[in-house]
Amino acid sequence: MVDQIDTQKFPGPPSPGGGSESVLQTNTVLQNRYRITGVLGMGGMGAVYQARDLHFPNVKRMVAVKEMLNTSTNPQIREATLRNFEREADILASLTHPSVPKIYDYFSIRDRAYLVMEYINGRDLEEIINKASDFIKVEIVYQWAIDLCDVLSYLHSHEPEPIVFRDVKPSNIMIDQHRHVRLIDFGIAKTFEIGQKGTMIGTEGYSPPEQYKGQASPQGDIYALGATLHHILTRRDPRLEPPFSFKDRPIRDYNGNVDPEFEAVIMRSLEYRPEDRYPSAMAMKSALEHVRPSPDSAPAVLGTAPIMHNSAGAVTAPVGAQAAKPSTAFFPSGGSEVIPLWTFRCEDEIRSSPAVVYGNLYVGCYDNGLYCIGANDGKFKWRYATEGGIASSPAVADGVVYFGSDDYALYAVDAQRGRILWSFHTEAPVRSSPRVALGHVFIGSDDGNLYAIRIDGGRRAWAMETGDPVRSTAYVTDDLVLFGCDSGDFYAVDLSGKLKWRYKARRGVISSPVVQENLVFFGSMDWHIYAIALDTGWNVWSYRTTKAIASSPVLDDSNVYIGSSDGYFYALDCKTGRDRWKFETEGQIATKAVVHQNAVYFGSGDGYVYSLDTKSGQLRWKFKTGGPVVSAPFVHEGVVYVCSLDHNVYALTA
Amino acid sequence: MALEPAQVTNNHTLQAPVDTLRFGHGSDVGQGRKNNQDACTAFAATYAAAQGRMSFGLFVVADGMGGHMDGEKASSLCIRVVTDHVVEAAYLPLLTGQDEAPDLMETLNEGVLASNLAVTEQMPNGGTTVTAAIIYGGKIYITQVGDSRAYLVEGRHMKALTRDHSLVQRLVELEQLTPEQAAEHPHRNILYRAIGQSEHLELDNKIMPMPFGARLLLCSDGLWMVVPEAEMMDILAATPNSQAACEKLIAAANAYGGPDNITAVLVDLPDCPDIAEPGPTTDR
Ligand SMILES: Nc1ncnc2c1ncn2[C@@H]1O[C@H](COP(=O)(O)OP(=O)(O)O)[C@@H](O)[C@H]1O
Ligand SMILES: [Mg+2]
Chain A
-1 MVDQIDTQKF PGPPSPGGGS ESVLQTNTVL QNRYRITGVL GMGGMGAVYQ
49 ARDLHFPNVK RMVAVKEMLN TSTNPQIREA TLRNFEREAD ILASLTHPSV
99 PKIYDYFSIR DRAYLVMEYI NGRDLEEIIN KASDFIKVEI VYQWAIDLCD
149 VLSYLHSHEP EPIVFRDVKP SNIMIDQHRH VRLIDFGIAK TFEIGQKGTM
199 IGTEGYSPPE QYKGQASPQG DIYALGATLH HILTRRDPRL EPPFSFKDRP
249 IRDYNGNVDP EFEAVIMRSL EYRPEDRYPS AMAMKSALEH VRPSPDSAPA
299 VLGTAPIMHN SAGAVTAPVG AQAAKPSTAF FPSGGSEVIP LWTFRCEDEI
349 RSSPAVVYGN LYVGCYDNGL YCIGANDGKF KWRYATEGGI ASSPAVADGV
399 VYFGSDDYAL YAVDAQRGRI LWSFHTEAPV RSSPRVALGH VFIGSDDGNL
449 YAIRIDGGRR AWAMETGDPV RSTAYVTDDL VLFGCDSGDF YAVDLSGKLK
499 WRYKARRGVI SSPVVQENLV FFGSMDWHIY AIALDTGWNV WSYRTTKAIA
549 SSPVLDDSNV YIGSSDGYFY ALDCKTGRDR WKFETEGQIA TKAVVHQNAV
599 YFGSGDGYVY SLDTKSGQLR WKFKTGGPVV SAPFVHEGVV YVCSLDHNVY
649 ALTA
Chain B
2 MALEPAQVTN NHTLQAPVDT LRFGHGSDVG QGRKNNQDAC TAFAATYAAA
52 QGRMSFGLFV VADGMGGHMD GEKASSLCIR VVTDHVVEAA YLPLLTGQDE
102 APDLMETLNE GVLASNLAVT EQMPNGGTTV TAAIIYGGKI YITQVGDSRA
152 YLVEGRHMKA LTRDHSLVQR LVELEQLTPE QAAEHPHRNI LYRAIGQSEH
202 LELDNKIMPM PFGARLLLCS DGLWMVVPEA EMMDILAATP NSQAACEKLI
252 AAANAYGGPD NITAVLVDLP DCPDIAEPGP TTDR
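Top line first, the protein sequences correspond to chains A and B.
Residues in the first sequence are numbered consecutively from -1, following our numbering.
Residues in the second sequence are numbered consecutively from 2, following our numbering.
The following block holds chain B by itself, in its conformation from the complex (with noise of 0.2 Å):
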């Protein structure tokens, strides 16, 4: 088994399907900022043995904001919380197969939930956004707070995962704005949920089967707000490589002057199911 992005591949295949998690990642301070208040996890875990073979991802991206360092403070912790929660109380549960397999949905709310009250005693001036999201079992688990976002990318395709908690998105679900105009908004950076704002908070989930080859892409609005969708999906279908395409993204959110941090997670998902559920079959 290995514990790193994994490339464990089967021997008994000749052409082997690409059956684990591959990740690229990158985060860039852009140019129109002094300091990166970004921050991002990816943590792709491969075991492969006789009994099976299993994948497993934690991917997480939290976007800072606060002065005198607080918004970068508060991402930090942000991640660091929510990863820490989700080994402990997920992947080494599964992994072992010593407790019951934990509910994965909550699991993630609950890593959420604990940042959220670690950045409201640590940092009460900082706040941050987070989109987490768990890859386990043929299933993509997200959850959402602020204004990061998935994506689903598939082919020449590419769907939000996500609803942004800002202002302009609302006034455009309330149709009082056009995308447009929200895009050019002064006030598109308004959120009214956010990591930290109050002890209690709601998240959105989102629980879906995984479409095997299809990528996951996750992203700060440094990157959404700045680099047209379309110009984002003309980079990621013609870079396969995933590590490379974080890149390009990047890049081009720095054509385009880089207003602000720039931050891309882009899984690989994988082409087949798991073969079996890991963990001890049969001494139990």
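Bound conformation, chain A alone (with noise of 0.2 Å):
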């Protein structure tokens, strides 16, 4: 049994009521000030209406009232995805470009919530494919793709994180009365589609390869204005064809009237692997204006060409000359307040960092248990019971998820199905976090031992026998295995166990090394921070905060973040080890940190989860929990995942 082709074909089960006899009836008014007049579209979290706007009696102002389904029957779930949705719909008010509609106002109602946009006079162009009789004039496609490129660039260099379209298809652009490209249709949808069984990522057909790879980037939109552009211009619908197959399409095979440039350009854009494809929407948009053909005998195509059937008698205004009109936005300005997307509860403290793979998230908790949750909605799938607590945090290779527990043993077991395949046994609680490299997972035990054991079957290659417990995972490099001891003894071993280098620290290390060139980094609870060069042992330089380190190091592209029990959070820099900034917290701090895209992301032991800039150390936000957070976050597609003493797995926006 195959799950789904298409969601066109096989649509699953009707969504709760999401029948068509939920549709709202022509004349009903919402909020008292919107009166559906017809219906424009129908999605797949619902409808898309016409409306007149009686708050202005005197005109007859037409808005466009996209409704979307809150099916969830979590009530913790659905209040999160109603904030989220809130959350979205002000970052879209906040926009303005001449291709993104206007938002004016949203509001829920039960189990749905509605966002109220400027209507669009026009049709969208998978309408405008499908009607058309013969192919579009290649300068009017020359100039929409040029138009998208615009609005594409606009939203990837939106401050202060780029927002990625994700669903760039014929569909989800209408051309208005005034032949200008709009993009409708933004993610915020997707934030009701949560747990939805067999719901694509994306669109087949128009997606980027590495979508399916859980990558959203600018570079994926980019694919996907080309295999618009391809399905445009070949008449060939992309979702009837083998996936990523426009190669094997040359678009000139189809069309004649097309140049090898315009050809090229778009063939760039769909490039199997991101960086072969234009840098950003910008480098595209040049390229396109560079070849098309001289724009003096655009206007009056653009005045014949028979691209819409609502058109006769539409002002053909020049390009960009649509400027925006005075907002009539009362749109209430967003809060910063963090609300999670979901929170899963577990039986006990959770003191160990989650991974997310695939969808999945998986971590283990002091309940004994690892759990295996749906990152998207935070619904439990599985959970493997081990004879101990597990402070260990799990690490996810080849469908296998491996982790450590106070029983003793490491564990790996099947990630798909919580299935064990092997365990391997030391003499005592396993409390450092594997790391899987090179075939085989290292990983230490209150034994004394940093063990290697071979990921197929789970046999031991060889063991480092150090005689404190090492609780410091440990890092791999082509040739080293380094990681710190309860004794203050950092080792630098071979791939066969043999010791290379050794550096004391006066306290224990049980802070996992980093590495970045020829430096690994590590903290002590000796309170210090040490950069130690990776060829001789050698220190370059130290660090000293004013109390225990226990949280291990993360970097980016020139500092080196740590936090330390005095309360502090450090930037410094890798090379030097002189501070950039620090941030004060209210308690211990006991986590790493992760690095995502300008900010940096740690819990402390004020139950704060606290999101800087990475740049100045200030804060952007911070996310109160119900105890400690004394595990690392991991930020996965724009969430972050982050466990507390509460019991609690939170899922956050970054």
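Keep in mind the hints are simulated off the structure, nothing from the lab.
Built from N, CA and C at the ideal position, the CB exists for glycine as well.
Hints should not be assumed to be uniformly reliable.
Label pairs and their calculated CB-CB ranges [unchecked claim]:
(1) D346/A x E155/B: 49 to 57 Å
(2) N126/B x G636/A: 32 to 40 Å
(3) T179/B x F54/A: 35 to 43 Å
(4) T179/B x K58/A: 55 to 63 Å
Build the complex: two chains, separate frames, hints provided.
As structure tokens, this is what we get:
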């Protein structure tokens, strides 16, 4: 039994209340203000209505009202979904670009959320393609392509985070009565799709290959734009072709009107590897402008082109003349409070970090279980029970989850189904986290050994005996395994387990090292953070905080970040060890941080999860959990996953 | 002549070679699903007479999809249409010699395309994969839609003869996923081509000379996606009886939890070629 092929052809069971009987009747009035006058489109999560805004009794002001069903049955998730919707609506409302429809209002009624936006008098490109009896004029497609690059470039350069549209395709592009391109259907609806079985990521046919590795980036929008242009010009619907097969269908084989230069630009945007495409929508726009035939012929063509059926007499405005109208938005300005996308409660404290792979979140808990939770919806999938508490953070590689337990064992469990593949027993609790590299799992045990265990079968390759508990997670380079131990010794051993050098800190090293170029960084209970030369084992610099360091450093291009029990979070220059900034929290910092796109995230004993700007150390946001946060967050696709001693896993928008 | 799994042997040799097609088959709901949406047909016919001896085989595996029983209806409709067409347009003409010798690849394609129209019309919410093979005259003809598979098994070796029409397989071909990542990918069940999806359907075809004495395995993803290939090879190598081998393969998939329906058809190819073309040879 195969789950599905294509959502269009094999729809899942209708969502609760989502049947056609629940479509709003004409003349229904929402919020005492918007009278429904018709249905503009039916989408995955509800309908898009045309409505009249009754606040303007003397003029006939039309709006589009997009309805989204909040189908989750869990009140907490519903609430979070709604908050998220509002947050996204706020972001949308702040956009000003001629190709982005204006957002006027939003509200929710029971299980539905509504977004009120500018009504676009026009047709979506899907309909235009389907209804056109012949190829659309190349000059017109040039103009659309350039305008779409322009709006994508605007979104991609949004601060503080680029906005990735994720779903560029003909049905999400409208051509208005001025024949201008308008991008509709921002990801806002996706907030509501959590947990829907069988929902596609993006849209088959137009999505880039990397989207199936869970990556969404501006380069993905460029690919989808290329796919859309390819469809327009060839009239071959990519959803009916093998995925990613544009290269097998050169545009000029189908449409001789297209010049080779235009074809080349589109084909480059369709490269499989994101780095082979245009580096930015702006670069693609320049390329298009460069190869477009002399623009003076374009307006005439635009004026006569039969692209729309209701276009008779439409005004042809010069390109770019569509000045932003004075805003009529009375939109509530965005609150900066962070509300979790979801939370998941385990039965005991969570002292380890989660890992997210292919939509699953894995986390170990002191209730002895390793949990697998849906990363999108926080729904329980399975739990693997060990005999002891789990303080070790899981590592996931090639479909296998590895983690240690206080029951002395290291486990390898099938990531999909939670079935055990093998376990390896040491002589004491395993509290360090596994590192998977070079076909082995490297893990320390309180029995004083660092073990190298073969991933196929779980047999031991070697063990390095230190005599004191090894709780630091090993770092593996091409030729070295690096880790600390409770005695304060920091070891570099080669791949066969032979000692290369040893550095002695004055107190225990439970901090897990990281490497950049020729330096390895780690913290020690002796209050210092050390930078040691990889080849010699000599100290290059050290920096003294005012209490013990149990947390681990992280790096970006120039800084090393680490928290200390003194409550401060430090950003130090990698090369010199000089502090760039520090940030004070109310509790001890025992967690490693994560760096993601100019922001650093970490938790503190004061119960907060913090997000700071990496350059300035300024607070971006903080989020209060119900207990100390002693494990590192995990950031994936714009979501911060973090655990707290309050037993909860939280999913927060980065 | 016999129309059943044929066991006709040649009288005048002492040690009879395996000169006919033999097969085993099995289909199991597994443990993760409530109903079995897989379907298969195995049709092996032997003709042995003074003029000569010939074997004809048609083997089809289909894996249905779609709720409300649509999946099982689609797969069963598909295999019945394919079998009906092939028997009528290929087997019977070959047997009687009344018409021109049929083009077997074309006949198989016609059968599959007819099944596509039938499923599209009658089961608008269902669909199915289909992997179909004709064995005749020293050749194997295979056509394929979806992600059921055909394998050629020779001794300890096993080689897929088909290419999955799945999203992840395509990503693997483009080197965007490793086979290991594909095997664990949450969207590994998504097909880009299947029976009942659209009226226009492209088929993957393959014609190959028959490796005598080898085996042909057709199976649904409930087997190949679940049981590691090495383990399948071990079972096949250790189990000469094809019915027993099918049962062991299905048991192995169930030992891994049987997350999906499991179907296997295993064909022992003859050791030696047919003796002569069948059909009336003189009075035409
Ligand atoms: N602002 C608008 N003005 C006019 N029509 C619209 C507007 N927004 C959407 N539509 C119509 O509704 C259809 C579905 O809208 P979309 O936002 O893409 O919903 P979905 O998320 O369901 O795909 C669009 O293809 C378009 O035809
Ligand atoms: Mg849409």
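Hint-by-hint comparison with the structure:
1. Separated by about 55 Å at the C-beta atoms, D346/A and E155/B satisfy the suggested range of 49 to 57 Å.
2. Our hint of 32 to 40 Å for N126/B and G636/A holds, since their Cβ atoms are close to 35 Å apart.
3. Checked against the given bound of 35 to 43 Å, the beta carbons of T179/B and F54/A, roughly 58 Å apart, lie outside it.
4. At about 58 Å, the CB distance of T179/B to K58/A agrees with the hint of 55 to 63 Å.
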